[in-house]
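**Q** These are the residues of each chain, in order.
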Amino acid sequence: MARPTGSQPVDALAAEARWRPAEIAFWLATLLPSFVTPDYLQLAGQILITGLFALSLDLILGYAGVVSLGHAAFFGLGAYAAGIASKYGWGEPLTGLLIGGGVAGIVGYGASFIISRFRGLALIMITLGLNQILAEAANSMGWLTGGADGLQGVHTWLVLGVFHFDLYGVTAYWYALAVTFVVFLLVRRMVYSPFGLALRGIRENSTRMLAIGAANHAHVRKAFTIAAIIAGVAGALLTETTETVSLETLSFGRSADVLVMLILGGVGQLYGGLIGATIYMIARDRFSDINPQYWYFWIGLLLIAVVVFLPNGLVGGLKKLGAAIGRRGS
Amino acid sequence: MTAALTAKGLEKSFGSLIVASDIAFELPVGERCALIGPNGAGKTTLINLLTGMLQPDSGQILLGGEDISRLPPQRRVRMGLVRTFQINSLFPRLNPLEAVTLAVAERRGETRDFLRRLATKAESIEEAWGILKSLRLDGVCYRETRELAYGQQRLLEIALALATRPKVLLLDEPAAGVPKEESGELFSVIDGLSRDLTIFFIEHDMDVVFRFASRILVMVSGRLLLEGTPAEIAADERVREVYLGAAHHG
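Listed in order, the protein sequences are those of chains A and B. Heads up, the first sequence is in the working numbering, so the first residue is 1 and it goes up one at a time. Heads up, the second sequence is in the working numbering, so the first residue is 1001 and it goes up one at a time.
Hint data in this document are derived by calculation from the structure and do not stem from the laboratory. Don't take each hint at face value.
For lysine to any residue, the following SDA-like pairs were computed, each having C-alpha atoms within a straight-line distance of at most 20 Å [to be verified]:
1. 1008(B) with 1039(B)
2. 1167(B) with 1031(B)
3. 320(A) with 1144(B)
4. 320(A) with 1147(B)
5. 1133(B) with 1188(B)
6. 319(A) with 307(A)
7. 1133(B) with 7(A)
8. 1167(B) with 1070(B)
9. 319(A) with 1167(B)
10. 320(A) with 16(A)
11. 319(A) with 1144(B)
12. 320(A) with 1093(B)
13. 319(A) with 1147(B)
14. 319(A) with 28(A)
15. 1008(B) with 1058(B)
16. 320(A) with 1142(B)
17. 319(A) with 1142(B)
18. 1133(B) with 11(A)
19. 1133(B) with 1057(B)
20. 1008(B) with 1031(B)
21. 1133(B) with 147(A)
22. 1133(B) with 1078(B)
23. 1133(B) with 28(A)
24. 319(A) with 1093(B)
25. 1133(B) with 1150(B)
26. 320(A) with 1150(B)
27. 319(A) with 27(A)
28. 320(A) with 1146(B)
29. 87(A) with 147(A)
30. 320(A) with 1092(B)
31. 1167(B) with 1078(B)
32. 1180(B) with 1086(B)
33. 1167(B) with 1068(B)
34. 1180(B) with 1167(B)
35. 1008(B) with 1057(B)
Stretches of chain A that chain B covers, calculated by requiring three or more beta carbons in the stretch to come under 8 Å of a beta carbon on chain B [unchecked claim]:
36. 9–22
37. 94–107
From the three backbone atoms N, C-alpha and C, an ideal C-beta is built for every residue, glycine too.
The task is simple: from the sequences and hints, build the whole structure.
**A** See below:
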């Protein structure tokens, strides 16, 4: 992997990209559900899919500073694309992911030409508007999408021609875990690449980026397209593992929820989406057991507490804690 | 020989407020040219016009003889016309090594690469390191920019500009906010830069201006009042009047 080059500055930048023990521990922990809580694999699979979706939002929000309140547009596109392909005869899961990611990516690439010209509030409105347009389009095109009844007749073939999707979500969980891990590796590589550094530059100071001759628009277009592809893959994953698609995949609620999860977990921390999704979905599962009507009350409380006390989210808080323990230990 | 930077008849107004009126000058290669004038004379506006952050209403800007009047700011940067900012405009949560490496990598077109680690661009990192070293910032280059002392941040402004390999460097009050004792040091660093580099700087401290400038432009209310060598400017009645006048009113 990374060999010491004998050059101090090069090694220093190489060290930033090195895998940390906490990261390895995190990925080992993702294996736990199958041993510790085998009854909850269904939920674990859903968490992974949602975490992957949140990771795609982190790429644009946390790294390029592009705020989106309509990211479900791409999740839903991926979900419907894979679902419709399956309904009309192509239910192979791995290529289904490519179909979902591809359709979302094409629309994302088109949208990115508008997105890259705006920042802040205007961006929130544009992304929100795009989300609403797609949601209403899916609603009105009942012949294609099933409308409010959802898309029926989705059938996912065996994964790699061997594993069938069982009732207990065992295959769904392992499949979602494998896909999430592979995509995460790609995102991680991207974050620590020269392109990732340029995205952080845009987030930190886009005016200054122009003054050093940077191609801000091209960078944002690329990041937005990649984020749309990943969101589409996550949507396709949901379709394949549940064998149905509902309008909820394109809803504003889903766009808002994924933003909440990312903020809970920590924006621009790479693991914020995955950890935020875990906390959020487990909290929803538990709280809605206690009181199915008012569970969002607790999410609201948690959100305020995190934003007030942990400006970099749970991951930021954990990092701080880790650093403090490290100092005390030495 | 072609001038490094030429301005011809630059005009700009915001409504009825004229901020640049018939600005024309020529900077030969290697010139150290100071732009002086009272507050509100339009000095920063002129830099914004030259770099393309503002569009002039009319007039022409030539960089090495080439018309750049219609090019967007980042294109002008890539052609060698680079500025720094009067108020620090840096990347607070990047460290200086990352920030300068970013500027070098942008110049070399390496930031398109999203599948290889940053550390694989060893040449860019080494070049950034060299720039930081030459500005004596190597000791702090692993600390986040927002943690650096103010004077170090001013130097980082210049380091970022140098990383783009400018032909013409526009420095907007490089020593703004730096204590007087340190501003001399900062200018000797600037003065030590390559003689192929043309430097155009805004500065209020007349000691510094007369020490480092080979040529001086005086700007008053959006117009160039006069230009000349430091000796000519020092002897000019009108300049004294402008500065004494400004002092009286200020």
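**Q** A separate judgement is required for each hint: does it hold in the structure or not?
**A** Results of checking the hints against the structure:
1. 1008(B) with 1039(B): Violated, at about 23 Å.
2. 1167(B) with 1031(B): Judged against 20 Å, a Cα distance of about 11 Å means the pair holds.
3. 320(A) with 1144(B): With a Cα-Cα distance of about 16 Å, the restraint between residue 320(A) and residue 1144(B) holds, given a limit of 20 Å.
4. 320(A) with 1147(B): holds (17 Å)
5. 1133(B) with 1188(B): Holds, because 15 Å separates the two Cα atoms, which is no more than 20 Å.
6. 319(A) with 307(A): holds (16 Å)
7. 1133(B) with 7(A): holds (14 Å)
8. 1167(B) with 1070(B): Between residue 1167(B) and residue 1070(B) the Cα gap is close to 19 Å, so the pair holds against 20 Å.
9. 319(A) with 1167(B): violated (43 Å)
10. 320(A) with 16(A): holds (17 Å)
11. 319(A) with 1144(B): The hint holds at about 16 Å.
12. 320(A) with 1093(B): Answer holds: residue 320(A) to residue 1093(B) is near 16 Å, not above 20 Å.
13. 319(A) with 1147(B): holds (19 Å)
14. 319(A) with 28(A): Distance of about 18 Å is within 20 Å: holds.
15. 1008(B) with 1058(B): holds (9 Å)
16. 320(A) with 1142(B): holds (18 Å)
17. 319(A) with 1142(B): holds (18 Å)
18. 1133(B) with 11(A): Cα-Cα ~17 Å, so holds.
19. 1133(B) with 1057(B): With Cα atoms ~42 Å apart, residue 1133(B) and residue 1057(B) exceed 20 Å; violated.
20. 1008(B) with 1031(B): holds (18 Å)
21. 1133(B) with 147(A): violated (63 Å)
22. 1133(B) with 1078(B): Violated - the C-alpha atoms of residue 1078(B) and residue 1133(B) are around 23 Å apart, more than 20 Å.
23. 1133(B) with 28(A): violated (42 Å)
24. 319(A) with 1093(B): holds (16 Å)
25. 1133(B) with 1150(B): Status holds; Cα separation ~18 Å.
26. 320(A) with 1150(B): Not satisfied, since the Cα-Cα distance of roughly 26 Å exceeds 20 Å.
27. 319(A) with 27(A): holds (16 Å)
28. 320(A) with 1146(B): Given that 20 Å is the threshold and the Cα spacing comes to 18 Å, the pair holds.
29. 87(A) with 147(A): Holds: residue 87(A) and residue 147(A) sit about 15 Å apart, inside 20 Å.
30. 320(A) with 1092(B): holds (19 Å)
31. 1167(B) with 1078(B): holds (10 Å)
32. 1180(B) with 1086(B): holds (16 Å)
33. 1167(B) with 1068(B): holds (14 Å)
34. 1180(B) with 1167(B): violated (28 Å)
35. 1008(B) with 1057(B): Given pair residue 1008(B), residue 1057(B) holds - Cα atoms ~12 Å apart, limit 20 Å.
36. 9–22: Contact hint for the stretch 9–22 of chain A vs chain B: holds, 8 residues under 8 Å.
37. 94–107: Our answer is that it is violated, as 0 residues pass the Cβ test (under 8 Å) against chain B, missing three.
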